[in-house]
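Number of protein chains: 2
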Amino acid sequence: MVLKVGTIGTSWITEQFIEAILASREYDLGAIYSRDASKAKVINEKFATNATAFTDLTAFFASDIDVVYIASPNALHYRQILQAIENDKHVIVEKPAVITPMQFEMVYSKLREHPNVRFFEAARHIHQPNFKKIAAQIEKMEQIQGATFVYNKYSSRFDDFLAGKNPNVFNPDFAGGAIEDLGVYPIYAAVALFGLPKDAQYFATKLSNGADGRGTAILRYPEFDVTLIFGKNSNSYLASEIYGLEDSIVIDSIAELTSILYHHNPTEAEQIADLPHENPMLAEVTVFAEIINNFDLHNQEYRDLLMLSQRVNNVIYQLRQTAALSFPADQEK
Amino acid sequence: MVLKVGTIGTSWITEQFIEAILASREYDLGAIYSRDASKAKVINEKFATNATAFTDLTAFFASDIDVVYIASPNALHYRQILQAIENDKHVIVEKPAVITPMQFEMVYSKLREHPNVRFFEAARHIHQPNFKKIAAQIEKMEQIQGATFVYNKYSSRFDDFLAGKNPNVFNPDFAGGAIEDLGVYPIYAAVALFGLPKDAQYFATKLSNGADGRGTAILRYPEFDVTLIFGKNSNSYLASEIYGLEDSIVIDSIAELTSILYHHNPTEAEQIADLPHENPMLAEVTVFAEIINNFDLHNQEYRDLLMLSQRVNNVIYQLRQTAALSFPADQEK
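Chains as they are written, first to last, in the UniProt record's numbering: chain A, 1 to 333; chain B, 1 to 333.
Please keep in mind that the hints were generated in silico from the structure rather than gathered at the bench.
Be aware that one or more of the hints could be misleading.
Copies of the same chain look alike in the list, so a pair counts if it fits in one copy or across any two.
What the hints assert, rightly or not - SDA-like mimics (lysine to any residue), calculated; alpha carbons at most 25 Å apart, straight line:
| # | residue 1 | residue 2 |
| --- | --- | --- |
| 1 | LYS39 | SER72 |
| 2 | LYS153 | LEU238 |
| 3 | LYS198 | ALA323 |
| 4 | LYS140 | GLU105 |
| 5 | LYS39 | ALA269 |
| 6 | LYS153 | ALA269 |
Sequences are here, hints too, so could you generate the full structure?
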């Protein structure tokens with residue numbers, strides 16, 4: 001069944017998502033929510049689609065769409081997820097899906113009331129074929145002794161921050177900062193590959209407004225530690241790495257996964273990545289459609305993804321506590 | 001004045017040191033201590049020197065050498081340093097010079113009793129011209145937001161460890177493990193460039209005998225954190241990095257300093273390293289000879305090096321405490 005999608009949010013990531021769903025041939029674009037109706041027109045023209053424009057969220061949710069894609073600012077996800085589930089729409093929400101474990105519990109509880117609704121966090125990288133190549137290589141290695149995952153890119157919004165403005169992505173009032181943005185990628189990768197850590201600690205370098213501009217997080221597992229380096233106010237040129245004995249997996253970017261070099265030792269290496277599809281969201285939307293359309297075949301896979309999503313939510317929350325990083329959502333009852 | 005050197009230890013590093021002092025033309029090799037007299041013969045033949053062989057340490061210290069180079073196992077440094085100072089010999093000792101802050105205090109106290117003796121820790125990398133280029137580049141950058149220093153190399157001795165042997169370099173009874181070996185390089189670099197951290201924490205991955213096979217250390221400064229990744233039981237293929245805003249300094253190896261790329265932004269970079277001398281110890285031995293021979297001109301530089309050495313000793317000790325890594329030297333009164 002071709003799934004009818006409605007989108008919330010009209011930034012570049014929504015356009016990348018629309019391109020991916022159309023390329024997958026599993027979805028149609030049925031509705032576009034934006035406070036500014038002209039944005040829907042631009043999108044319909046760009047993608048040769050005929051989606052209905054909504055400026056009212058209630059009307060949007062009442063329409064005949066099957067799936068809602070949520071790419072609004074992080075702090076708005078939670079209410080929109082609940083509203084989507086209440087309207088029996090499947091949900092694909094950008095990471096981080098929600099901010100607190102309590103919010104996640106509420107979403108989970110709402111899903112139990114609507115057992116035919118599927119909920120997906122759009123962690124695009126873990127659905128890439130190249131991510132599965134990393135997981136398979138880890139299985140083959142004699143011993144794993146840790147990892148370092150890096151995702152650190154200077155955001156042009158930091159120019160605004162330095163100019164005295166208070167952009168949302170660096171504003172704690174909107175759950176802004178590094179960990180809730182680029183940090184999600186390395187955290188998702190670590191939890192997907194190695195499971196829930198037994199302990200976690202975050203060393204955040206804070207900006208004057210209390211947001212984390214960058215930081216280093218340590219995830220502690222029984223046999224090894226994983227070091228995560230992420231930030232939005234500086235650039236890193238380092239790769240990511242999984243340590244074996246003499247061998248190591250070196251990944252150009254833990255979010256893009258373009259190159260995966262398996263170093264047998266310091267003198268021998270082989271490329272194990274395939275050339276990824278140019279749209280990095282194609283893999284995930286294909287997986288989500290398959291789960292929605294053939295749920296009985298993928299019940300366990302769906303539960304695993306939901307569990308992973310909850311674990312990531314928990315780890316991020318725990319890391320924030322260790323760095324005394326709090327958001328308004330933390331105070332919600 | 002050409003300085004007459006006596007060496008303790010006959011491994012590859014002593015040979016590299018001898019090559020460096022001869023290349024500098026500031027030193028002669030006068031004495032070689034080894035329990036095995038045949039080793040002195042091998043060295044004299046290899047370097048066309050005529051050093052006296054000693055198998056007795058007391059006789060070695062009583063000989064007419066000016067400088068003692070100590071490259072024995074770490075746990076033996078302390079007693080040998082004290083003995084050298086008592087015999088009014090200048091000391092060049094491999095890093096880590098000593099294991100505990102108390103040992104450092106005792107060395108310092110002994111130096112006060114022998115005011116004409118100079119004491120140097122052989123942290124070769126911080127004396128390299130390329131290290132000074134890094135320091136100069138940092139001065140020019142608008143803002144420093146942290147750093148990641150990596151030094152992680154698989155040791156062939158780890159094969160022995162895995163085979164059930166207990167090699168010294170992985171044995172806590174001999175102050176073995178990653179932090180007291182390769183870890184010294186990134187720690188020295190961080191403290192030399194950024195000073196004493198206000199806090200420090202070490203996440204060690206321990207071996208079955210309690211030694212740290214590898215680990216991640218966080219040095220916390222008022223404005224940023226420095227992440228150090230080091231180990232002896234795995235290989236890393238990552239560079240080291242100092243974060244600015246859009247700009248970053250990327251160093252191929254924080255110990256070797258062969259390439260230093262200053263990235264203005266993700267698309268523009270310039271190489272600021274000079275080709276280093278093939279012997280990485282030449283720079284330090286030249287500096288040490290100059291300080292010894294013209295002390296009045298270099299009094300402050302000498303005090304700064306001594307202070308740096310003490311700070312590094314303190315930081316390593318503090319890091320070990322946070323990882324519950326203890327050595328027999330910690331129990332000494």
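Violated hints - listed by number, lowest first:
When the structure is compared with the hints, numbers 4, 5 turn out to be violated.
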